[in-house]
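Starting from the given sequences, assemble the full structure and let the hints guide the process.
Residue numbers (this note's numbering), protein chains in the order written: chain C, 6 to 413; chain V, 6 to 413.
Don't read these hints as lab results, they were simulated from the structure.
The calculated lysine-lysine pairs, modelled on DSSO-like cross-linking and capped at a C-alpha distance of 30 angstroms, are:
1) K171(C) <-> K116(C)
2) K316(C) <-> K364(C)
3) K125(C) <-> K125(V)
4) K215(V) <-> K364(V)
5) K109(V) <-> K215(V)
6) K109(C) <-> K171(C)
7) K116(V) <-> K316(V)
8) K109(C) <-> K109(V)
9) K364(V) <-> K410(V)
10) K215(C) <-> K410(C)
11) K125(V) <-> K109(V)
12) K215(V) <-> K316(V)
13) K316(V) <-> K284(V)
14) K109(C) <-> K125(V)
15) K125(C) <-> K109(V)
16) K116(C) <-> K125(V)
17) K325(C) <-> K284(C)
18) K125(C) <-> K116(V)
Stretch by stretch, here's where chain V covers chain C in the computed footprint (C-beta under 8 angstroms, at least three residues):
19) 61 to 68
20) 83 to 92
21) 101 to 111
Glycine included, each C-beta is placed from N, C-alpha and C at the ideal position.
2 protein chains.
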Amino acid sequence: MALIVQKYGGTSVGDVERIRGVAERVKRYVDEGHEVVVVVSAMSGETNRLVSMGRDIAGSRGSAREMDVLTASGEQVTVSLLSLGLLSIGVQAKSFLADQIAIKTDDVHGKARIQEIDTKALRAALDAGCVPVVAGFQGVNDLGEITTLGRGGSDTSAVALAAALKADECEICTDVDGVYTTDPRIVESARRLTHITFEEMLELASLGSKVLHPRSVEFAGRYRVPLRVMSTFQDGPGTLITTEKDDMEQPLVSGIAHAIDEAKITIAGVPDLPGIASKILGPIGAANIEVDMILQNTGADGLTDFTFTVKRQDYDAAQKILQAISRDINAREISGDNEIAKVSIVGVGMRSHAGVATKMFDCLASESINIQMISTSEIKISVVIAERYVELAVRALHNVFELQKLPE
Amino acid sequence: MALIVQKYGGTSVGDVERIRGVAERVKRYVDEGHEVVVVVSAMSGETNRLVSMGRDIAGSRGSAREMDVLTASGEQVTVSLLSLGLLSIGVQAKSFLADQIAIKTDDVHGKARIQEIDTKALRAALDAGCVPVVAGFQGVNDLGEITTLGRGGSDTSAVALAAALKADECEICTDVDGVYTTDPRIVESARRLTHITFEEMLELASLGSKVLHPRSVEFAGRYRVPLRVMSTFQDGPGTLITTEKDDMEQPLVSGIAHAIDEAKITIAGVPDLPGIASKILGPIGAANIEVDMILQNTGADGLTDFTFTVKRQDYDAAQKILQAISRDINAREISGDNEIAKVSIVGVGMRSHAGVATKMFDCLASESINIQMISTSEIKISVVIAERYVELAVRALHNVFELQKLPE
Numbered sequence: 006m007a008l009i010v011q012k013y014g015g016t017s018v019g020d021v022e023r024i025r026g027v028a029e030r031v032k033r034y035v036d037e038g039h040e041v042v043v044v045v046s047a048m049s050g051e052t053n054r055l056v057s058m059g060r061d062i063a064g065s066r067g068s069a070r071e072m073d074v075l076t077a078s079g080e081q082v083t084v085s086l087l088s089l090g091l092l093s094i095g096v097q098a099k100s101f102l103a104d105q106i107a108i109k110t111d112d113v114h115g116k117a118r119i120q121e122i123d124t125k126a127l128r129a130a131l132d133a134g135c136v137p138v139v140a141g142f143q144g145v146n147d148l149g150e151i152t153t154l155g156r157g158g159s160d161t162s163a164v165a166l167a168a169a170l171k172a173d174e175c176e177i178c179t180d181v182d183g184v185y186t187t188d189p190r191i192v193e194s195a196r197r198l199t200h201i202t203f204e205e206m207l208e209l210a211s212l213g214s215k216v217l218h219p220r221s222v223e224f225a226g227r228y229r230v231p232l233r234v235m236s237t238f239q240d241g242p243g244t245l246i247t248t249e250k251d252d253m254e255q256p257l258v259s260g261i262a263h264a265i266d267e268a269k270i271t272i273a274g275v276p277d278l279p280g281i282a283s284k285i286l287g288p289i290g291a292a293n294i295e296v297d298m299i300l301q302n303t304g305a306d307g308l309t310d311f312t313f314t315v316k317r318q319d320y321d322a323a324q325k326i327l328q329a330i331s332r333d334i335n336a337r338e339i340s341g342d343n344e345i346a347k348v349s350i351v352g353v354g355m356r357s358h359a360g361v362a363t364k365m366f367d368c369l370a371s372e373s374i375n376i377q378m379i380s381t382s383e384i385k386i387s388v389v390i391a392e393r394y395v396e397l398a399v400r401a402l403h404n405v406f407e408l409q410k411l412p413e
Numbered sequence: 006m007a008l009i010v011q012k013y014g015g016t017s018v019g020d021v022e023r024i025r026g027v028a029e030r031v032k033r034y035v036d037e038g039h040e041v042v043v044v045v046s047a048m049s050g051e052t053n054r055l056v057s058m059g060r061d062i063a064g065s066r067g068s069a070r071e072m073d074v075l076t077a078s079g080e081q082v083t084v085s086l087l088s089l090g091l092l093s094i095g096v097q098a099k100s101f102l103a104d105q106i107a108i109k110t111d112d113v114h115g116k117a118r119i120q121e122i123d124t125k126a127l128r129a130a131l132d133a134g135c136v137p138v139v140a141g142f143q144g145v146n147d148l149g150e151i152t153t154l155g156r157g158g159s160d161t162s163a164v165a166l167a168a169a170l171k172a173d174e175c176e177i178c179t180d181v182d183g184v185y186t187t188d189p190r191i192v193e194s195a196r197r198l199t200h201i202t203f204e205e206m207l208e209l210a211s212l213g214s215k216v217l218h219p220r221s222v223e224f225a226g227r228y229r230v231p232l233r234v235m236s237t238f239q240d241g242p243g244t245l246i247t248t249e250k251d252d253m254e255q256p257l258v259s260g261i262a263h264a265i266d267e268a269k270i271t272i273a274g275v276p277d278l279p280g281i282a283s284k285i286l287g288p289i290g291a292a293n294i295e296v297d298m299i300l301q302n303t304g305a306d307g308l309t310d311f312t313f314t315v316k317r318q319d320y321d322a323a324q325k326i327l328q329a330i331s332r333d334i335n336a337r338e339i340s341g342d343n344e345i346a347k348v349s350i351v352g353v354g355m356r357s358h359a360g361v362a363t364k365m366f367d368c369l370a371s372e373s374i375n376i377q378m379i380s381t382s383e384i385k386i387s388v389v390i391a392e393r394y395v396e397l398a399v400r401a402l403h404n405v406f407e408l409q410k411l412p413e
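Given below as structure tokens:
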């Protein structure tokens, strides 16, 4: 018997029929003798519908407090519907909203951070043989006001609950059956990973694998909550995300991620003086534009080229800002490219193996793919290439690192 | 400067455009220097949509606790949207859910009764120059669970808040511009009443005038909260509902109500013995069928005829129950009619004037309308007639009692 926190996303509870299916799935765990706490998102599309009504009325700068009251209603609908579904098939269940537990957060409406969870009510429900069905995505601040955790918030709710309850496992039940070595739509031989480390998953999530929100992975890693990504709709063990173990096979590369929603901007020929980076990136940050990769090459002439990437949707805005300050920073030229892609290989095995980078660059060269930018961390290497080569690059790398093969 | 509680029903907040209109309307009151507390219902159709999803999953006997969590989400959406709307036109506003105030109720889920309202938070908001926007229909029990007040619950929320805050007036803003002498769709010359007493309104509401829920009228009467029914969509004073005053003109008859959703059942020739009424009505009540009028005529032969009316939708079920017990109660015959209508005249003036009943019966006789049942109270007379005569009866009575004329 284990204590398991299960999170079901918007697609899994997208209509009445699917909610019935989730109830049946939860029942199987209960029948096997497990204690189960369920966390649900709003029905798919519902949060967007609510946000768009709110924006219709108040524009995009409406009160964050009221937007939170508005969007939190979506999870209120699904916790009650799922509880009704569980009760109707004979499973004791009870819905809990964030303030009823309480899931205490700071008061940054729209992207609040969980500070504390009181597990008393949940523990009492579990002890009474009842399945608590908890509203994801929402919290409550010290004033008793509703807060929300931002995109991917329900994953974070589930992980935080699992940590607070010292659950044996946190299952993220979704519409894919696990984490893959790469996008199966690009590489047919992509293989579901049986397990992966938090660090690797964090890199993959940050690099464009949409399965889990990076924040929830980080949270799970910090509190060492075993996290499992699995399918709501079909049986299977999914992918277990845990801390690195000595006896774990450590493949050189665990997975390949790609992202095509970026753009790069180069400021060429600026004086190589202290403070130039903040002069360039300060106004970008002030405009709430997120910067991903940053590269600076120093030339011999006392001038430097400065390149960074932003989300493609921010490309025009970022260029305008730089044009406005180009005289101020004495730039020779500002150029950009919004038809780029980022391809990354991730693996804890890289730490102890040299030559991974070389193998990656050789592979891309042999396909005549030019590398525009490189950025590395201890367990990943990312390159920026022209967008039109992205599938070719991913397939070639998947093949070179033999990801289709099960590790020995 | 007055303290006014305004309640907006589902039609008034039926879409984003209408919510904007409500915000503008509230702003006018604020600009005039009034303190305003707003109570809103869910968007029209939303509560039904939620209930139908809940029933889809759990049938009609789903957990009442969870149905309350589900349906209460509807008001959560409208309080936040209206707050966003107010803020966006420069009116300070803040949404409040039942548990944030708190609106304490008993724990009869689905038809909870308000026990206590803590006005501290609302008073603080008002003192800060803010419009509190309160979720109607919902409450919270001692366990911190969401309860709902049943149909018409938002009217009751508004009246209870007005009583607790000692508001100067409670305005029920709706899609009609007041209470009429009778249904204007039947009588063209029907006139909007400038005022009416709680007792009269209570009778009219119970008798089929759909403007206000009887419970809210009763509540307003008990706590002497001046209640005003008025239009959300057009200007005008509406109808003021207050306690009877000496200097009020007291027309003989204030209004005429009619209802065509009833049916009558007659049990003929049952022994006239003590306990016979409960033998007949006991099983009816046990089946959750509401009985309206009850008549019993005693004959000379020790037998009695027993007639009562039920909602038309319960007609078949009630007949089946009586057939099943007819031998037990020794009934000679059970018959019924589901093509009946109830027409009622209501007026506090009846108390002090004889002859009102005679005038009513004469009027109906002169139109050759047969009266099947009669029931009276201090301030109303109801008759049951064949449904096909209902418009004719209402028009004739409206004319005879000269309701189209303004009282002197």
